[in-house]
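Following the hints, position chain B against chain A.
Sequence order for the protein chains is A and B. In terms of the working numbering, the first sequence is residues 1 to 346. In terms of the working numbering, the second sequence is residues 1 to 377.
It should be emphasised that the hints constitute simulated quantities derived from the structure, not laboratory data. Ideal Cβ positions, reconstructed from N, Cα and C, are used throughout, including at glycine. Hints should not be assumed to be uniformly reliable.
Stated by the list, open to error - Here are the simulated DSBU-like pairs of lysine-lysine, each with C-alpha atoms no more than 30 angstroms apart in a straight line:
no.	chain 1	residue 1	chain 2	residue 2
1	B	133	B	177
2	B	104	B	130
3	A	133	A	110
4	B	101	B	130
5	B	177	A	286
6	B	177	B	101
7	B	177	A	296
8	A	272	B	177
9	A	105	A	70
To be verified - Residues from chain A shown here face chain B by an in silico Cβ test under 8 angstroms; the list is partial:
no.	residue
10	39
11	173
12	177
13	180
14	202
15	219
16	221
17	222
18	239
19	241
20	289
21	292
22	293
23	294
24	295
To be verified - Quick list of the computed label-pair ranges, beta carbon to beta carbon:
no.	chain 1	residue 1	chain 2	residue 2	range
25	B	171	A	112	49 to 57 angstroms
26	B	294	A	133	45 to 53 angstroms
27	A	75	B	344	53 to 61 angstroms
28	A	166	B	320	23 to 31 angstroms
29	A	314	B	354	41 to 49 angstroms
30	A	133	B	23	36 to 44 angstroms
31	B	279	A	187	36 to 44 angstroms
32	A	166	B	346	33 to 41 angstroms
33	B	87	A	105	50 to 58 angstroms
34	A	306	B	21	44 to 52 angstroms
35	A	187	B	293	30 to 38 angstroms
36	A	62	B	94	54 to 62 angstroms
37	B	252	A	138	55 to 63 angstroms
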Amino acid sequence: MAEIHLQHLTKQFAGGLLAVNELELVIPDGSFVALLGPSGCGKTTTMNMISGLEKPTSGEIYFDRQPVTKLPPGARTVGFVFQNYAIFTHMTVAENISFGLRVRKPRPSKEEIDRSVQDIAGVLGLGGMLDRKAARLSVNDMQKVALGRSMIVEPAIFLLDEPFSNLDAAFRAYMRAELKRIQHEVGQTMVYVTHDQVEAMSMADHIAVMDHGRLQQYGTPDELYNAPANRFVAGFVGSTQMNFLPATLVLGEGNGGNGRALTLGIRPENVKIAGADAANATLIGKVNLIEPLGAKDVIHLDVAGHSFRVVDSPGRRPVVGENVGLVFDSARKLLFDDETGQAVGA
Amino acid sequence: MASIRLEHVTKRFGSVTALDDVSLAIEDGEFMAVLGPPGAGKTTLLRTIVGLETPETGDVFADDERITDTYPGDRNIAIMFQNLALYPDRNVFDNLAFPLKQAKRPKAEIRQRVADTAAVLHIDHLLERKPGKLSGGERQRVALGRAMVRDPRVLLLDEPLSALDALLRLEMRVELKRLQRDLHRTLVYVTHDQVEAMSMPDRVAVLGSGVIQQVDTPEDVYHRPANRFTATVVGSPPMNFIPCTFSTSGGVVRIVHPGFSVRVLSNDAPHGAIADGAPCLLGIRPEDVRFTNGNDGADAAVFVTEPLGGETVVDLYLGAQVIKALTPPALAPAPESNVRVTFDPQRLHLFDIASGAALVSAAGRDGAFAVEARNGG
Numbered sequence: 001m002a003e004i005h006l007q008h009l010t011k012q013f014a015g016g017l018l019a020v021n022e023l024e025l026v027i028p029d030g031s032f033v034a035l036l037g038p039s040g041c042g043k044t045t046t047m048n049m050i051s052g053l054e055k056p057t058s059g060e061i062y063f064d065r066q067p068v069t070k071l072p073p074g075a076r077t078v079g080f081v082f083q084n085y086a087i088f089t090h091m092t093v094a095e096n097i098s099f100g101l102r103v104r105k106p107r108p109s110k111e112e113i114d115r116s117v118q119d120i121a122g123v124l125g126l127g128g129m130l131d132r133k134a135a136r137l138s139v140n141d142m143q144k145v146a147l148g149r150s151m152i153v154e155p156a157i158f159l160l161d162e163p164f165s166n167l168d169a170a171f172r173a174y175m176r177a178e179l180k181r182i183q184h185e186v187g188q189t190m191v192y193v194t195h196d197q198v199e200a201m202s203m204a205d206h207i208a209v210m211d212h213g214r215l216q217q218y219g220t221p222d223e224l225y226n227a228p229a230n231r232f233v234a235g236f237v238g239s240t241q242m243n244f245l246p247a248t249l250v251l252g253e254g255n256g257g258n259g260r261a262l263t264l265g266i267r268p269e270n271v272k273i274a275g276a277d278a279a280n281a282t283l284i285g286k287v288n289l290i291e292p293l294g295a296k297d298v299i300h301l302d303v304a305g306h307s308f309r310v311v312d313s314p315g316r317r318p319v320v321g322e323n324v325g326l327v328f329d330s331a332r333k334l335l336f337d338d339e340t341g342q343a344v345g346a
Numbered sequence: 001m002a003s004i005r006l007e008h009v010t011k012r013f014g015s016v017t018a019l020d021d022v023s024l025a026i027e028d029g030e031f032m033a034v035l036g037p038p039g040a041g042k043t044t045l046l047r048t049i050v051g052l053e054t055p056e057t058g059d060v061f062a063d064d065e066r067i068t069d070t071y072p073g074d075r076n077i078a079i080m081f082q083n084l085a086l087y088p089d090r091n092v093f094d095n096l097a098f099p100l101k102q103a104k105r106p107k108a109e110i111r112q113r114v115a116d117t118a119a120v121l122h123i124d125h126l127l128e129r130k131p132g133k134l135s136g137g138e139r140q141r142v143a144l145g146r147a148m149v150r151d152p153r154v155l156l157l158d159e160p161l162s163a164l165d166a167l168l169r170l171e172m173r174v175e176l177k178r179l180q181r182d183l184h185r186t187l188v189y190v191t192h193d194q195v196e197a198m199s200m201p202d203r204v205a206v207l208g209s210g211v212i213q214q215v216d217t218p219e220d221v222y223h224r225p226a227n228r229f230t231a232t233v234v235g236s237p238p239m240n241f242i243p244c245t246f247s248t249s250g251g252v253v254r255i256v257h258p259g260f261s262v263r264v265l266s267n268d269a270p271h272g273a274i275a276d277g278a279p280c281l282l283g284i285r286p287e288d289v290r291f292t293n294g295n296d297g298a299d300a301a302v303f304v305t306e307p308l309g310g311e312t313v314v315d316l317y318l319g320a321q322v323i324k325a326l327t328p329p330a331l332a333p334a335p336e337s338n339v340r341v342t343f344d345p346q347r348l349h350l351f352d353i354a355s356g357a358a359l360v361s362a363a364g365r366d367g368a369f370a371v372e373a374r375n376g377g
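In isolation and in its complexed conformation, chain B is listed as follows:
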């Protein structure tokens, strides 16, 4: 096992900058997810770590050894690709043994390592079978086993679950998390699936347009997004962004919307970020929008409701904008009814409209924001 460090890595393909001055430190034994939409540079990042791509500038380190120019085969870093690439004509044992045979390990050691790996992955009863006779989940385990069998110092996984159906994906998510907990491998997991990135890793590196947007625990990415981009890549349905303006009259900072206003109590915002009359964005996740009979909050009209079984998505017109609320089915208002909504002040976010950077996130604190009715006190 080893730590991995990328320092100021830039990689271009023609006019496209796939990785733009990326610095990222993955600790020994850590489970790091790299999350981003298609085209964000995730796969290029993995290929740079394993040595299939050479960066134009910057360096890659494994522990403290510089491996930027080391031949991929000499890095002892294993990668498992999305399309598994199992040998269909060889049985599970031979698929698992392949990397060891390539490395010319003695027969007894090969047998031992294959047996150990198969036991950990619960595929020891399948060693004689060909991949064609395995279920999707079993094939996935074999591919994972083949990547693990040489005991690489780092294991890289490129969207390993994307070809599986929903139930199997759930099962494999739990399985991968268990494996990592038991084996303490350094694991770098590339995905565009926010549920995978939220549920499994120790930390998430959010990648957008080749730039690292945030590196944090899944919960911090969710509750303290660094910017509008990271606020959007986690959460389903995604966070609502409500265009507002600042008011600083009477020495009180308010975020003003035609339907409601929010008093800013926190002084977290960087100096000079707030100017009277300047536009800003208020961020609120759908589960933090509440229906109320009280005076705080704003009038809204229900546009459609989307029942999901355990919860219901309510699409609302707030002025001309549609926002989404997530609510228990019993509390969902009727389609085309008029309602009053308010926002959990402990869960509000304030974003700079130009840069998208988060200015203040309540992140569970009282005393950051207070929601008021329009012109309320």
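Only chain A is shown next, with the shape it has when bound in the complex:
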């Protein structure tokens, strides 16, 4: 187990692309941290620098206050799980899981290896299939084997790069809870790279949101969702995107805040639909489209030329083309400076 400290970490590729720009991040010992961002944000490059697969252009990496920037990957006690589960298909499940111990010098005793394999297979729910050839496993079980293979060497730091993106939706939902439980049990420092905000929100203790190589915010899922640092984070986190409107539209002329142009953000789940003439309606919108998703409806509206979304439980639905009133609690609104994108105190 180890604390990871990234100090002024910068990576510029040969073509000039600044993939990671002055990244400053402390990942506490035993915590589960997600690196979250769209493709090209620098999250995988950051992970590759932690593992040693990429050399930073400048900056330092510390594990437990020891500089490791110049150490080769093999000397860093880092475990990996990649998107395309690198497992040996000609070996059995047990042989795959035990691989890291079998190549270790001095080699642990057979009993020791067997015990570790049993433990890990138990944790991962692979107990019944240890003798099966890996090639005959489902995609889902292959990913579990890949996970087990990294876990067995008990790395100080566990790095996972979009490990669930090839799995089907049902199994992904299952593995989210499983991985969270495993991390709590094992207590390893875990760094999880993903572009999927649901995975990051649901599993991580802390999330580092990145965009264009820069850290946008580092906080708990709750902080990211309820108190985003800027408009990028506000728009990226949340399953239906936050609504953004010119603040003057809602707060009235001259109330935009000291002459600065502001944007108001309100989450679709914090808005209720009312009659167009409702006294408490803050805004009026025209219904463009209704997306029924089963557990909830997403209602797309036009509010003074801006697209606007409301998430509502299914039930009485407005009619497409109808004007409706939109009601929201003013305490849930966020304000962003148009020039800098930064959140400003409401």
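Okay, now just chain B, sitting in the frame of chain A:
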């Protein structure tokens, strides 16, 4: 525009049966999604409609014309592939005009049709640009435009949004739904993404292992799944399945679990499906699991919680089984606490354990099920 009908279509590749006696009718102007996991036969179904595959048995009809043996180019059915396949060295105008030039249409008509198509898709300001200079969403629109420009009688889309990032996918979903509403095209949309299949089409055909599992509106697939398979392919997190047994003592049918029981009030179940002591599966979606202080329901222990922002997934031990509940963050219990849970009786489903077929779905009705505490009255 046209209707499409597949009748008893079977297609094999060696020992693999990709489509197994598939019959499906897509109405004129309908938006039909074909939903299924990878390997379900979705793409083979599309390729059979467009004529890139010939079925071993069965027939394909467009309106009432049999087109099973018609050359793909003569079917007037357009397909847009996942990888777009735009010509990188030609500008948007030439990409859109290509199918019309192939068909040797007069120049004036080509100009007119390209202009019309580009206007509908809001890409009329991009006609001079090369694909390399377009955003992901714009490229998507150009590929869609190229499929639409010849005014095909049916438009087939094969996972068109899967390469886009989440925000763009959302935008394109809304855009496609708007387009279809305005243009009334017959649209067949293949996807493995349940959100796409739920949010856009008029109806969904759920495909599993080459077999049509259910054809219904998205809401009916969600609330009245025909079987365990279709219950699993829509809903996130997926439906919980709780193994139970039937009890028919005293003339009352109950679904019994060690922690709770559910009285079956509905007589929808097929005759003979329910036998005393026989195993069954109770299905309940995570959003229909409730935390309660009351007497109904069962004791459970919170295993982990997964905050998603607007809602929280709570993973619970119900006996030895983990089930998922979806709840507003304010109502989420603390990790590792003990709670009492009950199930919305209007949202319960009962499945046959062997076949997986749905026996009873409450689907919003009162009077189908009543949840009781174990040994409760």
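Hint-by-hint comparison with the structure:
For the hint pairing residue 133 of chain B with residue 177 of chain B, the CA-to-CA distance comes to about 26 angstroms; that is within 30 angstroms, so the pair holds. Our distance criterion of 30 angstroms between C-alpha atoms is met by residue 104 of chain B and residue 130 of chain B, whose separation comes to about 23 angstroms. For the hint linking residue 133 of chain A to residue 110 of chain A, the alpha-carbon distance of about 20 angstroms falls within 30 angstroms, and the restraint holds. In summary, the hint linking residue 101 of chain B to residue 130 of chain B is supported, as the alpha carbons are separated by about 18 angstroms, within the 30 angstroms threshold.
Among the hinted pairs, residue 177 of chain B with residue 286 of chain A is consistent with the structure: their alpha-carbon atoms are about 17 angstroms apart, no more than 30 angstroms. Between residue 177 of chain B and residue 101 of chain B the alpha-carbon distance is near 29 angstroms, which keeps this suggested pair within the 30 angstroms criterion. Restraint check for residue 177 of chain B and residue 296 of chain A: the C-alpha separation of about 18 angstroms stays at or below 30 angstroms, so the hint holds. Distance restraint check for residue 272 of chain A and residue 177 of chain B: the Cα-Cα separation of roughly 23 angstroms lies within the 30 angstroms cut-off, and the hinted pair is therefore satisfied.
Of the pairs offered as hints, the one joining residue 105 of chain A and residue 70 of chain A holds, with about 23 angstroms between alpha carbons and a cut-off of 30 angstroms not exceeded. Of the supplied interface hints, the one on residue 39 of chain A holds, with its beta-carbon coming within about 7 angstroms of a beta-carbon of chain B, less than 8 angstroms. Proximity of residue 173 of chain A to chain B holds as hinted, the smallest CB-CB distance being about 4 angstroms (cut-off 8 angstroms). The interface hint given for residue 177 of chain A is met, as the beta carbon of that residue sits about 4 angstroms from the closest beta carbon of chain B, less than 8 angstroms.
The closest approach between the C-beta of residue 180 of chain A and any C-beta of chain B is roughly 5 angstroms, which is under the 8 angstroms cut-off, so the hint is satisfied. For the restraint placing residue 202 of chain A at the interface with chain B, the shortest Cβ-Cβ distance is roughly 3 angstroms, inside the 8 angstroms limit, so the hint holds. A distance limit of 8 angstroms between C-beta atoms decides the matter here; for residue 219 of chain A the minimum to chain B is near 12 angstroms, and the interface restraint is violated. For residue 221 of chain A, the shortest C-beta to C-beta distance to chain B is roughly 5 angstroms, which falls under 8 angstroms, so the interface hint holds.
With a least beta-carbon distance of about 6 angstroms to chain B, the hint placing residue 222 of chain A at the interface is held under the 8 angstroms criterion. Annotation: interface hint on residue 239 of chain A holds; nearest CB of chain B at approximately 7 angstroms, less than 8 angstroms. With its C-beta approaching chain B no nearer than about 6 angstroms, residue 241 of chain A sits inside the 8 angstroms limit, and its interface hint holds. Satisfaction of the interface hint for residue 289 of chain A is found here, the shortest Cβ-Cβ separation to chain B being roughly 6 angstroms, below the 8 angstroms cut-off.
With a cut of 8 angstroms, the hint placing residue 292 of chain A at the interface with chain B holds, because the nearest CB-to-CB distance is about 6 angstroms. The restraint placing residue 293 of chain A at the interface with chain B holds, with a minimum CB-CB distance near 5 angstroms, inside the 8 angstroms limit. Given hint, residue 294 of chain A at the interface with chain B, holds; its Cβ is 4 angstroms from that chain's nearest Cβ, closer than 8 angstroms. Evaluation of the residue 295 of chain A hint against chain B yields a held restraint, the C-beta minimum of about 4 angstroms falling below 8 angstroms.
Between residue 171 of chain B and residue 112 of chain A the Cβ separation comes to about 55 angstroms, which falls inside the hinted range of 49 to 57 angstroms. About 51 angstroms separates the C-beta atoms of residue 294 of chain B and residue 133 of chain A, a value consistent with the hinted range of 45 to 53 angstroms. Judged by the Cβ atoms, the range 53 to 61 angstroms given for residue 75 of chain A and residue 344 of chain B holds: they are separated by roughly 55 angstroms. Between residue 166 of chain A and residue 320 of chain B the Cβ separation comes to about 29 angstroms, which falls inside the hinted range of 23 to 31 angstroms.
For residue 314 of chain A paired with residue 354 of chain B, a C-beta distance near 32 angstroms fails the hint of 41 to 49 angstroms. Checked against the hint of 36 to 44 angstroms, the C-beta distance between residue 133 of chain A and residue 23 of chain B comes to roughly 38 angstroms, which is consistent with it. About 39 angstroms separates the C-beta atoms of residue 279 of chain B and residue 187 of chain A, a value consistent with the hinted range of 36 to 44 angstroms. The beta-carbon spacing between residue 166 of chain A and residue 346 of chain B, approximately 36 angstroms, falls within the hinted interval of 33 to 41 angstroms.
Against the hinted window of 50 to 58 angstroms, the Cβ-Cβ separation of residue 87 of chain B and residue 105 of chain A comes to about 56 angstroms, which satisfies the hint. For the pair residue 306 of chain A and residue 21 of chain B, the beta carbons lie near 50 angstroms from each other, so the given range of 44 to 52 angstroms is met. In this structure, residue 187 of chain A and residue 293 of chain B meet the distance hint of 30 to 38 angstroms, their C-beta atoms being roughly 34 angstroms apart. In this structure the supplied range 54 to 62 angstroms holds for residue 62 of chain A paired with residue 94 of chain B, their Cβ-Cβ distance being about 55 angstroms.
Between residue 252 of chain B and residue 138 of chain A, the C-beta spacing of about 41 angstroms breaks the proposed range 55 to 63 angstroms.
Violated hints for the displayed structure, listed by number in ascending order: 15, 29, 37.
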